[in-house]
Amino acid sequence: MSNAHRPAWMGRPSPLTTAAKAVAITVIVALMVFPMWVVVATSFAPPEEVVANGGFVIWPSEWTSLTYQRIFAAGMVPRALAVSLGVTLVGTALSLALTIGLAYALSRPQVFGGKPVLLMVLFTFLMPAGMIPLFLVVQGTGLLNTFGALFAPLLLNAFNLIVMRGFFQSVPSELIEAARIDGAGELRILLRLVLPLSKAVIAVVGLFYAVSYWNNFFNGVIYLNDSGMWPMATLLRSFTSGGLTVADATGEAGAQIAPVSVQMAVVVLATVPILLVYPFVQRFFVKGVLTGAVKA
Amino acid sequence: MVILAVEDPPAQQPAEPAPPAAAPRPAGTLRHRLRRDGVLVALMIPGIAWLVVFPYGAAFGNVLAFKDYFPFLGVWTSPWVGLQHFERLLGDDRFWNATANTVTISLLQILFFFPAALGLALLLHSIAGSTVKRWVQSVVYLPHFLSWVIVVALFTQMLGGAGVLNGWLAQAGLDPVQLIGNAEMFKPLVIVQMIWKECGWGTIIFLAALMNVDEQLYEAAAMDGSGWWRRLWHVTLPSIRPVVMLLLILKLGEILSVGFEQFFLQRDAVGPEAGEVIDTFVFFTAFQGGDMGYAAAAGLFKGLVGAVLIYTANKVAHRLGEQGVYTR
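Those protein sequence lines, which keep their order, are chains Z and Y. Residue -16 is where the first sequence starts when you use this note's numbering, and the numbers rise one by one after that. Residue 171 is where the second sequence starts when you use this note's numbering, and the numbers rise one by one after that.
Any given hint could turn out to be false.
Stretches of chain Z that chain Y covers, calculated by requiring three or more beta carbons in the stretch to come under 8 Å of a beta carbon on chain Y [stated by the list, open to error]: (1) 6 to 12; (2) 31 to 40; (3) 88 to 97; (4) 130 to 138.
Listed next, the in silico DMTMM-like pairs over lysine to aspartate or glutamate satisfying Cα-Cα at most 25 Å (straight line) [as the list claims (entries may be wrong)]: (5) Z/Lys4 - Y/Glu385; (6) Y/Lys357 - Y/Glu443; (7) Z/Lys98 - Z/Glu157; (8) Y/Lys357 - Y/Glu424; (9) Z/Lys4 - Y/Glu424; (10) Y/Lys357 - Y/Asp263; (11) Z/Lys4 - Y/Asp384; (12) Y/Lys303 - Y/Asp394; (13) Y/Lys485 - Y/Glu424.
One side only, chain Z facing chain Y, incomplete, derived with CB under 8 Å [claimed, not checked]: (14) Pro(-10); (15) Arg62; (16) Leu64; (17) Ala65; (18) Val104; (19) Ile115; (20) Asn208; (21) Gln246; (22) Val255.
Calculated from the structure, these hints are not laboratory results. Think of the CB as a built atom: it goes at the ideal place given N, C-alpha and C, for glycine as much as any other residue.
Build the full structure now, drawing on both the sequences and the hints.
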């Protein structure tokens, strides 16, 4: 299979080189996958075995969902999952709407107000909002201790906007002119022509936004006093830093569950949604990311 | 790591030097243009409103850095103190310690993260089978999408006191090693964490550059009898040097930003002397010390110096004929 891809000048690599490469790749993949595996295995192992083994299990003697049952029987983690899901869905939808609107208008040549607005956007690259002043804005807009504080400050990302604008600029202007001559207005051109051509970039930018909402724990820490409103990531942070105890997550019945088991199950629950979306968006990465820009 | 956007030059070229297509949209009077672009302006308004309230509202909030903040008085009625906070900042050892930590970690990142990402990119690029390559890429990109909370939890589970590594050491009858919560090991630890999380994602830009290396150069070099090492040294690396230089310059512009979350999560385990960076200094001064005005001053100081550095880095990048985070 490999010969077909290799140009003639490259020659055949020695078996030693091939073997070294295979070993290197295997080790790297193992370093990435193994920690995740240990977390999954520990969360599905019987809690007594986790304790007996000193805090982790690599291959459980028996797979059991006991820890998960306890977590779901108590209300805290399911509620946090619902908050995270809601914030991610609402936030991503609003973010995409704002980003697409602004990016499309800024991608049209000589649009009214285009230059100063673009400068406004670019300036946020130079000086991102500071933590304390942003806190004052959230306080001043009355978002403190509301779910809005979890997404409102993150709605637009200058990087995503520039990526999207670059993609829209690459739509051939002949197509747009042709649609205009056929009598289509700007809104129609955007909805019927430009957006269908931009599925890849919308998928990638949508993923970036969704991940930033799902993973954000800090807004919960700084803006929400009531731990009952916390999203998953904030909850997880509190478990690992010892702010919340296992009893909070599992109720009285969970007293016999090892804290590590609970922590690992929460890590799994916080990761699974990303793993579910990932394969579907992945094929757009290189196309979508490299078209407008690259984030490293 | 770096915020970087390279606008695709081929995509832009047709937009600018093709006036015939743009001819039906001449620049008229302001009123005329506003009427013509009414829909586009309406599309922009929600985004502009957000920009005005959040980043620009926050920029206004920086007046706090010049005030003695009393929560019950609010930002506007709290008394002015002039540059007092900044004077205090200049003599504050805790702030300079945090700055030194930040800069050290940034430099370590350049020293270790860049070669790691480049090396991994070269390795991935050399995989001949495209199925294997795709699978490996899927795996190494994945950690980029995990929250720092999760990454820190994974590292604790692997390397912590009750983690896998120490479990194995105990089984082998060896002494445990304290890698987590050890001030001396903190900087290597955070660099390893960064590499684990972002190295795969960092390969994307290098891979793109590697794809663009002229095949004929390889062919010519091979004809002249050079092996893979010489081709790497004399063809591959010189060809991708512009990208590497660009990334380096932009990273130097961001030298005061190492990311907040990773340090916020782990600072308490090792104490502020080893674990404090500028961003955590701002947070803990404000929300544990209750010194909002002083924290805002530290944040503004970092923001202003950072802005100058990023601006300079981009100017240098433009001077070298590259596109930075913004185009001219």
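Taking the earlier hints as the rules, which of them does this structure contradict? Failing hints, ascending: 9, 12, 15, 16, 17, 20 and 22.
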